[in-house]
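Each chain, letter by letter, is given below.
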Amino acid sequence: MRLPALLALSTLAACGGDPGTGTGGGSPSFSAAAEVAAVQGRCVTCHDAGSERAARFAPHPAPSLSEVGTRATAEWLRGFLVGHYAADAAEAADLTAFLRERTGVPALAAAGIGGGQIDQGGRMFAEAGCAACHAEEPIGLATKTDLDHLAAFLVDPRATRPDLRTHDFGLDGSQAQALAAWLLRSQLVDAGDAPPAAGLICECFEMKIPAEGIPDVDSVAPSFRGRADTIDISHRTRKLNYALRFTGSVQIPAGGKWTFHAGADDSAWLWIDGEMVVRNPGHKPFEVRSGSVDLAPGWHDFALLYTQAGGGDKLTLEWEGPTIERQAVPAAVLSARTETLVPPGFSADVDATAAARGAEAFTARHCAACHADVEAGTAAPAPVLDAVLANGKGACPGASADLVAAARPALGAGAAVAQRSPKDELRYRMLRDGCLNCHMRDGEGGMSAAAQEALVEVEDLGEEGRLPPDLTKVGHRLRRSWLESVLKGEVDARAYVRARMPHLSDEEAVEYAALFEAVDAEPGDDVEPVFSTEAAVEGRRIAGNDGFACIACHGVAGFKSTGPQGMDLAIQHQRLKPVWFREWLLSPSVHRPGTRMPTFWPVADEKAKSQADAVRVWLSLGNAMPLPKGIGGNDSAYVLESDGERPRLHGAFLDGLSARCMAVGTPERTHYAYDLANARLAWIWRGAFMDAKGTWDGRAGQLIRPLGENWVTLPEGPSFRAADGGAVKMLGHRLDPDGYPVWRLVVGAASVEDHPRPRWSADGSELVRRVSADGAPVILVLPPADGSVKAFVDGSPVTTGKLVIADGQTVEVVYRW
Amino acid sequence: MVMLSLCLALLPQGPADDRFVEIVDLPQPEGVVLEVGGILARDQQLLVSTRRGEVWQIDDAYGDAPRYTLYAEGLQEPLGLLEKDGWVYVAQRGELSRMRDVDGDGRMDELETVSGGWPLSGNYHEYCFGPTVADDGSLWLTLNKPFGPEPFGKADWRGWAIRVEPDGSFRGVAAGLRSPAGVNTAPWGDVFYSDNQGEWCANSKFAHLQIGDFHGHPHGIDSCKLPESLVEFPGDVPSGILIDEAARTIPHYTLPAVWIPYDKLGRSPAGFVWDTEGYFPPYKGHVFMGDQYSSEVMRLTLEKVDGRWQGACYPFRRGLKCGITRVAWGTDGSLWAGMTNRGWPSVGPAKDGLQRIRWKGETPCDLVEVTARKGGFTLRFTTPVDPATVAPDSFAVRNWTYKHHSSYGCPPIDTQTLGVTAARVSEDGLRVELDVDGCALTRVHEIEAPGVRSAGGEELWHAIAWYTLNAIPGE
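Note that the protein sequences, when read in sequence, are chains A and B.
Per our numbering, the very first residue in the first sequence carries number 4; after that it's consecutive.
Per our numbering, the very first residue in the second sequence carries number 1249; after that it's consecutive.
Just chain A, with the same shape it has in the complex (with noise of 0.2 Å):
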């Protein structure tokens, strides 16, 4: 893994000087360049240059060695050290001996890989952009390791190389199987016309499924490992508590569109070359759930994976596609195919006397300054640091002479500053971690055009679409927050961009991201303009199809939008901050030239402002906010949403309720569910309303939960008790003007009218809760004071528990939650 080191020295020399300082306190006399040299020198790690430089050019921590022995054959190890640190081949062996001798020797082994999975490796370096640090595919692996190893490191790079802070991009052990053996394919052997053998390779694994998420399978051993020709459960091992893996490959004969039908009792998920196909998770009746994607004829890489609790078990696997109508999947098309990456040969002798003249040299060369893991002798002291620069010309044994010549700059005590400003602290980081390898900032760095080239368009919004983003005053543009969880990897509001954008650890991320908040921040970019509903009504408005539109390319809160899927709205107050939100709505064009984003305000008047700014107040409702109109509902022909006008009623068996149920789904986005055969106002939540999927697919029934979020269960038993002790019924609803239910029922001797209906507020919206009486007084039963959901009445928080309605009167309840 040479060729990033080369690739960044080679930016360096691109980038020669620093551009102009601009803006935030750059030095003038900093050199990023040089001082990342200086760093990627290791120069102070064997030379004493004083507490300050010592600090200021502390490497990161060295590649660990402990176990490279067992990795690497001696073949690699030597040619690499030849270009290291060595002085010639002679001296590369005797330390390659010396290494064997530490650390192993190599425990590689051959490994079977399904079909498809090299040819998606080979699709995942090209569309994930790796040739922007990468220019070359890097060589010499084939000759190194196996699979399994490389494999391993692309999992988790800082085990063993804790110097590459920017390489870790979240694979998962499927995806980086395929990417390493795309990198080892070389290794591939010719497996002729051997037909593939038959059946998948089924696993079944004993252990307590969680309530949520993809189980862990791996960390237990499988209760039964080997074929299966068809998928069903015949191969579990117990009837509670399992999973069941199904791995290989599928053919498939002609291309086009496929669409697999997984039926599991409780859950499944299917994985076409490592893409998820279908997800049917939960722990649930049987269930069929489908998934589309667009497959080349040919052998494809398969994986199911099933879980079950307890109750029933099944599982089915049907599909569809351009040539057949939808049935089980046959056995004859499933195949643990797989085809064998054998490693290079290798030896497992290790030369004594070799080994001993290597500890020597590892020893003479301070090796051990960097590679602390590996015991070696002790060294006679390196010259102090100014006196090497001094000299000048002897060349470093550790570091090569462009290498050294690149540092220098940086090194001499006179240009040594204390502490970088923040501004050259960013600038060396991103030089540093290969940041502009990718994006640009003021107009510096960015991907090769080769490297460009590889990324593919998956929507069509231009060149914003397949590029990671110019980073130029993101600080400013930006908040802090939303930086740092982009930094993470919790987030990513690019979704249509494919290259991908490598996880940095915590502590890094939120310095980086306090970094960009102090270079590029501006006085004045948090304030927020104010809330008021007619300012969400009219963002709303604007947004919808109705204004301008935005929902013709952004998606709202998971829903798709009608036209391409650019980034969702309903991120955007926690994304961008209010100031530059402001600007770039009204300007798209002056700050990114050639944008795809129209320019609605030919004037940006105080109108266009105050418009701009209602769609931000309309934001601030965040993910359960309202949707425009012409969006929602789309997504599938099962989740519900209001049209925006009048709410939807969805009458259902409601988990933990009871199987007389109605929910309401508001136009609000702010929903409530009336158990019927309770009296009983029961749930109230917010943003997506309901999957009818439960009560309208198949011979449906199943229980059901909201979607959407805030989900929220309101005192059990009747809302209402007779003040007299008498019975409660509900006689019925009728629908208010805009269609919203009121409810009627017969409390005691009283008859009772309930009307539900939410309303919005600067905390996202509230429910008010209309109750009136007549007849005789009753008792509201409210939410306990302690509780997640407060109620108020004028103003005033009802701590009780409960409220008395009098006779004749009406009042309203206000849920804040």
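Wrong hints could be hidden among the right ones.
[To be verified] Listed below are several chain A residues computed to face chain B (Cβ distance under 10 Å; list not exhaustive):
#	residue
1	Asp658
2	Leu738
3	Val771
Bear in mind the hints are in silico, worked out from the structure with no lab data behind them.
Think of the CB as a built atom: it goes at the ideal place given N, C-alpha and C, for glycine as much as any other residue.
Chain B: place on chain A using the hints.
Relative to the frame of chain A, chain B by itself:
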């Protein structure tokens, strides 16, 4: 599908159906799913309730461009509609409700709970069918029994017919029902229901609902012990006995008026109506019933023998586009068929919708009615048959019985081929008296007339009937 084609191919082939009745599609807007649970036809308008809990008002239903308005939504599996006293009554899973559109905008404004309180276990199969108005003006409903999980606990009154009292309470009038997907009142006031073959229901059936009767399924019989029950507890129900033994030994056990032989005539009978007006002129007074599997409308005739209803079933019209749940007479005299095959696949290309069957005017020569007589049967035809084609060997008669047992359905048991000893045609050619050896009570009699031709020499439109012989006139 291969098996199905085979079955259809084996059925006797008469003149093409399209010659006498045609099928007309109801245009359906994209995005509207009409999984029909109830149909109410009035003037040029339909109200259609759907399994999705919606009620659609469809104006200009007989024109090329019907207009759809969402009358109501959020109901729970509303499987029946009825208009009464200015209200639209709707049977939901857990209650009988009534709705009205006060302002006339095509949307419901008020919904009142008329009766409820029969519990639900939370099982999908706890459907509620009806309502129908009995001769005393009360509303009757039938309640399906559950299959599988009952997450909110086992519920009373499942597998019952219930009667709603004026105060909104209800009484259990008949027990032992299984999947009573159709319920309606005869022109003379008796209530009938249709049931689907399954466990404790040897074969699909059409039965008279009388107060106090037990129809054979033991699932809900504990509710006989509740004060609202009008049925006495029948005791333990034995499994594996023949139908005649069940009829003799199980207290209050009721034989169906007509067994609908499984796979010979549909599989899942559902809604039915009487042709009281002669909309389909040769069949005035007959029952027309949809089948949710075979997407056909069948026909039934009834006669009262020894004080009990019995009769026969016949093919009528196959080839509708989807399994039929409901039928209703349109204001133009056509027969609406409402459809859904969700959860229970059906013959035909569609998943939901409405079609109607329109009488074209020509009278086919058809085996229109079989009635029982001592020593055999009387067969009636719509138009004169050719006397030269009427002889004992023009006919084939077989009979069989079923077992009353806990397994799912029952094939014909003890099938006998019966001898036809005489076939006497009436002078007008409209009637044939068959003398048949071996007719027996509680058995289904399959009567075919493959050799009979019309006076014009044509094959009969349909030449088969299945008669359920529970009693013999004069014996």
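Worksheet entry | Hints that the structure is at odds with (numbers, increasing) | The structure conflicts with hint 3 only, although it agrees with all the remaining ones.
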